[in-house]
Amino acid sequence: MRVRQYGSVVCRIGRLVRSIAFLPLLLLSGCSAHSLSRQFLIFHPAGPLSGADMRFTVLDVAVMLGIIIPTAVVTTFFLLHYRKTNTTAAYDPTWSHSNVIELVVWAVPLLTVALLGYYAYRGTYAVDPFHPRLLKVAQAGPGAVPPRLRVDVITTDWQWLFIYPKQHIAIANELVIPRGATVDFHMTSATVVNDFFIPNLAGMIDVMPGMRTEQVLVADKLGTYKGYSANFSGSGFSWMGFKTRVISPKRFQDWVQSVQHVPLHMDYAQFNAFAKPTKNINGKTYEFSDVKGRLFDQVIEGVLKGRVYTTQLPPPGSA
Amino acid sequence: MTASGGMESGQSALWEPHYHHDVIATRTLGFWLYMLSDAMIFAGLFAAYGVLSHTYNAAGGPVLHALVHPWTAYAETLSVFASVLAYGGVMVALKRGSREGVLAGLVAAFLLGALFVGLEVHEFAALFRMGIYPEGSGYLSAFFALVMTHGIHMAFGLLWMATMFFQVAAQGLTDKTVYRLLNLKLFWHFQAILWVLVYTFVDMRGVL
Amino acid sequence: MVNVQGPWSPIFGRLSLGAIPDNPIIAGAFIFSVVLGILVLAYLTYADRWGYLWREWLTTVDHKKIGVMYIIIGLVMLFRGFIDALMMRTQQVLADGAHSPGFLGAAHGYLVPYHFDQIYSAHGTIMILFAATPILVGLMNVVVPLQIGARDMAFPYLNALGLWLTAVGAALIMLSLFLGDFSHAGWVGLTPLTELAYSPGVGTDYWMWAIQISSVGTTLGAANLIATIIKMRAPGMTWGRLPIFTWTALSTNIIALTSFPLLGVALGLLGLDRYFGTHFFTAGMGGNLMLYSDLFWMWGHPEVYFVILPAFGMMSEIIPTFSEKPLFGYVTMVAASFAIAGVSWSVWLHHFFTMGAGPRVNTFFSIATMVVGIPTGVKVFNWAFTIYRGRSRFETPMMWAIGALFMLLVGGLTGMMLAMPPVNYSVHNSVFVVAHFHTMLMVVVYGILGAVTYWFPKVFGFRLNEPLGKRFFWTFTIGTIMVFIPMYTSGFMGMTRRLDYLTNPALFPFEVAEELGIGFYLVSVYYFVRQLYVSLRDRNANRVGADAWGSARTLEWLAPSPVPFYNFAVTPRVHARDELVWRRGQGLDGVAPTHYEDIPMPRNTSVPLVIGAFALGLGFGLVWRIWWLTDASFIAIILTVIARSFVRDTDYVVKAGEVERIEKNLRQRAAEVARAGAAAGGIDVLRPRESSP
Ligand code: HEA
Ligand code: HEA
Ligand code: CUA
Ligand SMILES: [Cu+2]
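Chains as they are written, first to last, in this note's numbering: chain A, 38 to 356; chain B, 238 to 445; chain C, 373 to 1065.
Treat each hint with caution, since some may be false.
Unchecked claim - Not the full set, but computed from the structure, chain C residues with beta-carbon under 10 Å of chain B:
1. G521
2. N596
3. S631
4. G656
5. L663
6. T849
7. A964
8. E969
Don't read these hints as lab results, they were simulated from the structure.
No residue lacks a Cβ here, since even glycine has one placed at the ideal position from N, Cα and C.
Please put together the full structure from these sequences, using the hints given.
Shown next, in the form of structure tokens:
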């Protein structure tokens, strides 16, 4: 599968970046290099989309450093060499113009920006959350078309609800997906704007009330990854994290079946109770069975009709 | 008189005595700049109106053709332009240096402008009676905000005109009153142009 | 009017004793402010300075004094913003990991989330709108009329009004500390978090009205500066000879004049939502919350270039002076400024690439954003070529300018990263962004600190202490590096911004490094205050002549230092781009006019201050929904303006004899300075006479 191949290129770049990035950090921390390097979430892509994000980061930095470093070096050299106390250096008290230099000075950034602009175009289309070209290319290739899974995401003040509409189940503050499947997310917020972000798997995309945004991702590696909201949404924001578990398709089936039998249910009325402002300080997760298929649309409609899950006035200067 | 006072000619050009700025031109430029910033306010409001003027934004409430009355809007247009014309009379009188002419022109422009504001108040009162308020929907919010901002500008213009009436009556045509009359002309024309835009993008669209 | 939660009374609005916070930190700040206030008042009374203060400062229309007051407000707010930063950093270092301790009712650290959120919102708002902006406007006020040989600004009275409106905004923010609370939705005012439903308190209203009132002031100031530059230039000051700082002032004020009104619209519509219950930015009922982001950033992005362009101008003045060589590529420098100003209008969407606009839109704004790198790069290279074959001297202003240049390289590099959507998707709203914009805003702060040191002697007649200035520079720079470089790293570790609690204990070393950086900052503030004190104490040893640096180039250095209230006794005629260099070259820099004449000057007036006082009443009434106060203040403002328009004798004349007397005194003093300088080995700027710290 081409997605895989892509992944291995990414891995090699990732290793390179890692070995450079954590050199200075060794000085700062007593942790072993390996575990610290693991902390650089966006340099450890576990899927093609985050891999592309990383590749473009490296590209961009490389191109820019190609200009910034010489500029810094030359400027420093000029400053030191042409210092007043250095009486041997040339002094040209009226020189202030040169057509050649002007030309170079405009042309170099212009060409660089043209190059970066091309990459920006490529990159933006490659990871476009609605139709990532990257996945389209991969899936057009030979081999079995990977299965697709649809997940509806609703944020509240300040929890995450992930609904699996086909499976009629939902899970709060934790996301479970099978490896290798293309997961389509439809996202909305019941209250204010949040931002869906799983650094190892997919870049950010806003989650907005009364609207639907989308994100697509494929996870290549089993594991548990951090996910959280990246857009400030009020007092409970710091605790708005969710675990993302990437498990094998087989175990995913088992998990779905087990959730389909849990006692908690979820319809619109129950959602409205769930959506009361809650700071999830202890990282609680909940599973729901018998989830109504239209819940996602109902939440959007409710918000459009002016439904708000209000906050109480906190006493001034405290709470 | 020279500044050099006995210096060699090479140095005489170092200083420029009796150098004065054209006060009225500076003030007029300043006012143009103010109008540029005011135009940006309207640009923002028009943009907001553009974004919020889809049926979708009416949230099931009334949309444009329920809000605008072509005949009232037409009458408002006429009164704005008549007022601008009357203000032209102020300018003519100013050229002639006739204080009475200026005062008479101000009264006429004021009355016609007041007619505009009165019509608009009347129009909105009717909407309110029908239970149509800015709070109704995003659509209504944008509609009222745009039209009322223009209306408030008109009301301030009237206040300015009244002030100028008393100032010219009390102080005559001095440097200060003259530049203010000139700036008021700019302001009044500007409001007329804005009304044309409101008329085109709001009222006409509601009728067509 | 919409109903609000909690009690309301017709006389006091929402105001009640409960509005006074019972937090010990705020109580401490309150006691500190009260004591400081009492000390200042006591000093003024004791030294019998009230009349002086009223006559010479509060009612002044002199552009230099107004500029100085702008700068003082800005520095005080910079200090307040720094205290906010200190509190944020301390919270984050304490609240890292599930086992981190909690104090004062917080689960982790010592600040509950709601309080922490107010702090960064206040910090961002203050730093950008009440520290950087006023100091820049102040510097433009001081310098631009002098650089173009004008007597004053085009509208001196409006100028004072702008100052007092800015002061009202700052006062409202300070008030929010002790009465009620402040917005918790960031300096950008995230919708719909700022809507009444999610921010029912007065905090958002404080934020909104403080900005709204002060930005009226900034807009007035912008129109004033543009008119001044266009209409008040001395004869011979053609566009091709305009000093580069004035050019950047022109470009930047064009940005301000056209973009601040959009901020006004964004906040005004938000205000309608909060006060009248309209639906501009609500999620439901047909509102569109993204419209706010568009309107806000249509101002917000131009605003960051509004603050950087004057800083570029300052660097473009300082670097040639201390390289003893003309600015390289004057024409392209001007073109680059206007290119930046122009493009700044078409990039706003890069602040919300993640909102899910299609790839075509994101690509467009990405490339438009990167295009700004071209003219900025031209500026950097031109500065480098100004230094090339010059004679660089490392006096304090030059140090700040060089520091700014290097900050610009780092900030530009990271800006170019953020400008690329695939990169942005993984670091948007992370502390990487925080590090990017602080590095950039540091260009502004460095430019400001350099410019204050550079032009200080022009206004006050003596130079600031060099060794202490250097210490200030180095401690500040170490602080900057230690605070913001680790932030770039933690951004890659996935740390988002605006967190009052960090889940990831691996971030701890970085937090500690940043806290140490704050320590260096604290020391730097000490050096700054000490520098002011020592310089003031030894001012007689540090007096300077007209050209304070011995190698200055532009027209303002031709006027005596300190500049008399009428600036140039006789308007100078301009012959060259670097007029002072031209005159020096001809041996004419010491030649004074021999004949003086009457100078008409605007009279001092208390009207701007009075309008400011009413504006404070208006803002306060709006925040607390005290309608009688609001209405009364509004009517009072209008009546004051009308009444003022009836006043006829707004000017007076300084007689030629008086001018001659003042000028003679000034020349005598300059001669003394020169003699003292000669005694100490001549005014050799290479070795400025320094007094020990
Ligand atoms: C010009 C703008 C500016 C400046 C200068 C600064 C300066 C600093 N800022 Fe700030 N900052 C912002 C603009 C600015 N900031 C904005 C816009 C935000 C975003 C807010 C939001 O999220 O909504 C932000 C957010 C922000 C955060 C929040 C990060 C987060 O969201 O998680 C932090 C945290 O550390 C921080 C730290 C600092 C520090 C340590 C400084 C230091 O550099 C401060 C250094 C200053 C000094 C050392 C003071 C020197 C004082 C004098 C010279 C005068 C002394 C005068 C007297 C005594 C009278 N800033
Ligand atoms: C003074 C302030 C200032 C300045 C000058 C800049 C300059 C730039 N900024 Fe920055 N920015 C901010 C202040 C500033 N910014 C603030 C306050 C925010 C966040 C607000 C918030 O959310 O709270 C922000 C956020 C921000 C974002 C959004 C981040 C996010 O939220 O996801 C982006 C994305 O594109 C961006 C990009 C840029 C770019 C490309 C430049 C360019 O102008 C940089 C150009 C300079 C160079 C490139 C360096 C010099 C050039 C050379 C040496 C030549 C070689 C260069 C090339 C070949 C290109 N900025
Ligand atoms: Cu942008 Cu919804
Ligand atoms: Cu920007």
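Hint by hint, here is what the structure shows:
At about 9 Å, the closest approach between the beta carbon of C:G521 and any beta carbon in chain B falls short of 10 Å, and the interface hint on this residue holds. The beta carbon of C:N596 comes within 7 Å of a beta carbon in chain B, closer than 10 Å, and the hint placing it at the interface holds. Restraint check, C:S631 versus chain B: the minimum CB separation of about 8 Å is within 10 Å; hint holds. Hint on C:G656 holds. Least Cβ distance to chain B is approximately 7 Å, under the 10 Å limit.
Hint status for C:L663: holds, given a least beta-carbon distance of 5 Å to chain B, under 10 Å. For C:T849, the suggested interface contact is broken, since its CB lies about 38 Å from the closest CB of chain B, more than 10 Å. Here the hint on C:A964 is kept, as its CB sits about 9 Å from the closest CB of chain B, short of 10 Å. A distance limit of 10 Å between C-beta atoms decides the matter here; for C:E969 the minimum to chain B is near 6 Å, and the interface restraint holds.
Taken one by one, the earlier hints fail for this structure only at number 6.
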